[in-house]
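The primary structure of each chain is shown beneath.
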Amino acid sequence: MISIYLQGDSWLHRTPAGLKLLAVAVASLLLFQVSSAFIFAACLAAVVGCYATLGRSGLERLALLRGLSVLLGVLLLLHWVSGTFWEGVPVILRLLVLILAANLVSITTRMDDMLEAVMPLFKPLEWVGLSARKPALCVALVLRFAPYMMQILSRMREAYQARTGAKNSWKLLPPLAIQCLRMSDNVADALQARGGSEGLSGQADIPTGPRAV
Amino acid sequence: MPRLVGVVFQNPDLQAIFPTVEEEIAFGLTQLGRDRRESRDEALEFLAIHGCAQLASMPIAELSEGQKQLVCILSVLVMEPRLLVLDEPLTSLDLLATRKIREKVLSLPQKIVMVSHDFSHFEGFDRILWLEEGRLRMDGPPYEVLRAFEADIDRRSGVKLELAAL
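Which chain is which? The protein sequence lines are G and S, in order. For what it's worth, the working numbering labels the leading residue of the first sequence as 17, then goes sequentially. For what it's worth, the working numbering labels the leading residue of the second sequence as 1378, then goes sequentially.
Among the hints, a few may not be true.
Unchecked claim - On the chain S side, residues computed to face chain G include the following (Cβ under 8 angstroms):
no.: 1; residue: Asp1390
no.: 2; residue: Gln1392
no.: 3; residue: Pro1396
no.: 4; residue: Gln1408
no.: 5; residue: Pro1436
Derived from the structure by calculation, the hints contain no laboratory data. Remember, predicted model here, so these are calculated numbers, not experimental data. Even glycine gets a Cβ: it sits at the ideal position worked out from N, Cα and C.
Could you build the full structure based on these sequences and the hints that come with them?
Here it is, written out as structure tokens:
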């Protein structure tokens, strides 16, 4: 299982989730007003500095850049082809700073803190009689099980490759869909066994005293 | 039901909903209506009582299979069910983890129902129900049921059998 959370007790872990999310939101608003490469470089240094304060394991999380650099490289190439290379540079730097900052929040925030922080956004649902807890739980489940689904896919690809030599095929899609549905069935059962998405607080307590089971 | 019966499923990866151990345990408590702070404090206390304080902030993904299974059992136990149902909890564990989890399960005050295909898991249980093709084939003390079961295996191999013990 891949888990994005980095265990620790740094100042970033202690900063409230809402504050961190707000900081990234404000930073993204501000960065869209800026186009000076000097300021971007300073921001980039600041963000990387934040990773450094998490210690070696924090810096290791910068490995994210490996995948990211391909994407950003392609974007820059598109700008170059369309003759807007120098307009492209701040765009790329802005993206880079924001992605690194958002990732920093992800790796230093526990999921239930994150849920607590985003719950107010779902509050309006309660005005029309829907539960705010359900969508928040959905977010948690997606974050938790998306990597597991990728794991299922890679296992299937290995099995497929072992027997056919080919790495990928559209033929893997239907069984993947079935496996994912089966997985969600199991997860739903496990959730139901612990009181479901609504919890048990509303239900009457069970009667006490001896009982045959 | 969940207040009365706690169910631990076969695959811990599909049971744990939250990324860290403490959150997973605390979830059961918020399910019972505790607020978040209470849940977290109680979860830490509960982990300490069960000798797992050091696991609290660990990501579940980084635990060993045995630790994962233990966390799943604790996450159900924290809701204080009367009866604990374990669906093949030892199947994917190594010998050491099997023994540890078995000891843990047998030391609990709850009534335990455990499903298994392996009769070495049933040592220490009071009663075994032998289920075959969805039907109860035998119900009795472990010694008798296991002997009959073994004799049956000797007679005809390759039939799918399931045992449940109380």
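Here's how the hints hold up against the structure:
{"no.": "1", "hint": "Asp1390", "verdict": "holds, 6 angstroms"}
{"no.": "2", "hint": "Gln1392", "verdict": "holds, 4 angstroms"}
{"no.": "3", "hint": "Pro1396", "verdict": "holds, 5 angstroms"}
{"no.": "4", "hint": "Gln1408", "verdict": "holds, 4 angstroms"}
{"no.": "5", "hint": "Pro1436", "verdict": "holds, 4 angstroms"}
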